[in-house]
Amino acid sequence: MNPVLSAHNLHKSYAGQKVVDGINISINKGECYGLLGPNGAGKTTTLRLLLGLIEPESGHIGMLGLSVPQHARESRLRVGVVPQVDNLDPDFTVAENLLVYGRYFGMKDSEIEARIPLLLEFANLAHKRDVKIPTLSGGMKRRLTLARALVNDPDIIFLDEPTTGLDPQARHLIWQRLRELTAQGKTLLLTTHFMDEAERLCHRLAILDHGRMVAEDTPRALIAKHIEPQVVEVFGEGVTKWADESAAQYSSRFEVSGETAFCYVEDAQPLLAHLKGYAELRYLYRPANLEDVFLKLTGREMRE
Amino acid sequence: MKSHFFVPPRLSFRFFPIWRRHMLVWRKVAATSIIGHIADPMIYLLGLGYGLGSLLPQMGGTSYMVFLAAGTVCYSTMNSASFEALYSGFSRMHEQRTWEAIMNTPVTLDDVVLAEALWAASKSLMSGTAVLAVAWMLGLTHSALALWLIPLALLIGLCFAAIGLIMTALAPGYDFFMYYFTLVVTPMMLLCGVFFPATQLPPLWQNVSAMLPLTHAVDIARPLMNGVVPPDALLHVAVLLAYASVGFYVSLVLFRRRLSQ
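Residue numbers (the numbering used here), protein chains in the order written: chain A, 1 to 304; chain B, 1 to 261.
To be clear, the hints were calculated from the coordinates, so they are not data collected in a lab. Remember, predicted model here, so these are calculated numbers, not experimental data. Errors might be hidden in some of the hints.
[Said to hold, decoys possible] Below 27 Å or equal to it, Euclidean Cα-Cα: the simulated DSSO-like pairs (lysine-lysine) are: (1) B:Lys-2 / A:Lys-128; (2) A:Lys-132 / B:Lys-2; (3) B:Lys-2 / A:Lys-141; (4) B:Lys-2 / A:Lys-108; (5) B:Lys-2 / A:Lys-18.
[Stated by the list, open to error] From the structure, some residues in chain A lie toward chain B, with a derived Cβ separation under 10 Å: (6) Gly-62; (7) Leu-64; (8) Gly-65; (9) Thr-145; (10) Leu-150; (11) Thr-182; (12) Gln-184; (13) Arg-220.
Note that CB positions come from ideal geometry on N, CA and C, so glycine has one too.
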């Protein structure tokens, strides 16, 4: 199958700093593809390169059969974008935002007007049609931004941290809508630093760090490939001392971060039995998840 | 600076939906805006015109009110375009991220900047027409030639929109615009024959004045207001067009650089 979006050996630097350093991506139709990475990993820059908003120093991009940035404008006719920071028009009502945005795609007013009820229905905003933007909640604004990205019925939708700053209810509604879109055959490319979001939504995902792709696969395969299947998080009084003395003996790998020792194990039983002898220590026993992979590959130190 | 910042402007009719967007925003505050367009020049015309005018003999062969009316059309249009290109343009580019939203569609930066320039010029057209209407109602002009002030307002608007957009492209924040208004707009108002003929200035300043765009605007507007075909009209129009096109190109190069970050 021909990819609908592909990038080959992309490079981009700002002031001598490599922000995107040799990224290759190939996304198929109907796929939800995730870009994960700490702040400053190059996620947003990658999106901007793919959209043709900035020019790469080298590399080739193809979107919907067109070369980018040479034919970025034409390719964006069939693309929708949900940006990281809301940029709805605060002077307009909900419906006016959709109408005005549709015009940028060269759509006729009658065409857009016909789509507005569907879009509002999709965004659960039918009752807010004539309300001004500043009165909407964060979740509503986000849903409207998603609806706005769909005004031209795009084939590919770019979502830059679509649920950042939303409460759990609002986030679940967005997730549900995004799954509906992939079910309709739309291709989604999203960035996030919520691991559960990536694990639930993405068919495949890439982990970026310092502008490079450090891993790429399905969420399950990433976990299977990079991490032991079980994790025991040990915390409580004296955990550091305990970790120094015993953690290595009972786990294949362990890390101490702050007040917690993360013990990665094939079989947790010996460790759990051992921990029964330490009344002051508490623990959480769970299967390994994407966050463990992410922290293993990108490290635990803060990125600012 | 990279070479692709310098490619010639790629202009297209895709600017039009953006212009319509600005128009739709304006329509929501139209009443206030129109009152402003009329009240501000009225206050100047009546205040200075009657107050100062009663002390002055005829100026340039006409009453001071008539003299002032032509200047007022020019500085009003300059102000409208400047405010729009600076404060409102910066808000759309930076605060509200309107440009970012627009450029995610099949519209490019060149279209966005063209829409800004034409919209700011449209605001000038509105304010110039409003002042002309006031002058007409006060009986300061009767000539059909004065109607040429309407397209002239558009041209003056384009000229100052383009220069203003350079400031917007360079501005770190709103405070920056104070420099432009204090050091460029206000001196221009005093040097370019709005309130008194530039020939009253010392020779050095007359030379400076001759290079400023507002002088050329006033040199077209004043004869028209008096029902006379302006001498050297083509030269003055050419100067205004030159300021508009060079200013537009420079601002576009600077916006390309700024937004490539």
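Comparing the hints with the structure gives:
Taking the CA atoms of Lys-2 (chain B) and Lys-128 (chain A), the gap is near 46 Å; set against the 27 Å cutoff, the hint is violated. The straight-line distance between the Cα atoms of Lys-132 (chain A) and Lys-2 (chain B) is roughly 41 Å, outside the 27 Å bound, and the hint therefore fails. Our distance criterion of 27 Å between C-alpha atoms is broken by Lys-2 (chain B) and Lys-141 (chain A), whose separation comes to about 37 Å. A distance of roughly 37 Å separates the Cα atoms of Lys-2 (chain B) and Lys-108 (chain A); the hinted pair therefore is violated under the 27 Å criterion.
Between Lys-2 (chain B) and Lys-18 (chain A) the alpha-carbon distance is near 17 Å, which keeps this suggested pair within the 27 Å criterion. With a least beta-carbon distance of about 17 Å to chain B, the hint placing Gly-62 (chain A) at the interface is violated under the 10 Å criterion. The restraint placing Leu-64 (chain A) at the interface with chain B is violated, with a minimum CB-CB distance near 12 Å, outside the 10 Å limit. Residue-level restraint check for Gly-65 (chain A) is violated (minimum Cβ-Cβ distance to chain B is 16 Å; threshold 10 Å).
The criterion of a C-beta within 10 Å of any C-beta in chain B is met by Thr-145 (chain A), whose closest approach is roughly 9 Å, and the hint holds. Taking 10 Å as the C-beta cut-off, the interface hint given for Leu-150 (chain A) is violated, the closest approach to chain B being about 13 Å. At a threshold of 10 Å, the smallest CB-CB gap from Thr-182 (chain A) to chain B is about 21 Å, leaving the interface hint violated. Annotation: interface hint on Gln-184 (chain A) violated; nearest CB of chain B at approximately 21 Å, more than 10 Å.
For Arg-220 (chain A), the shortest C-beta to C-beta distance to chain B is roughly 33 Å, which exceeds 10 Å, and the interface hint is violated.
In terms of the numbered hints stated before, the structure departs from hints 1, 2, 3, 4, 6, 7, 8, 10, 11, 12 and 13, listed from lowest to highest.
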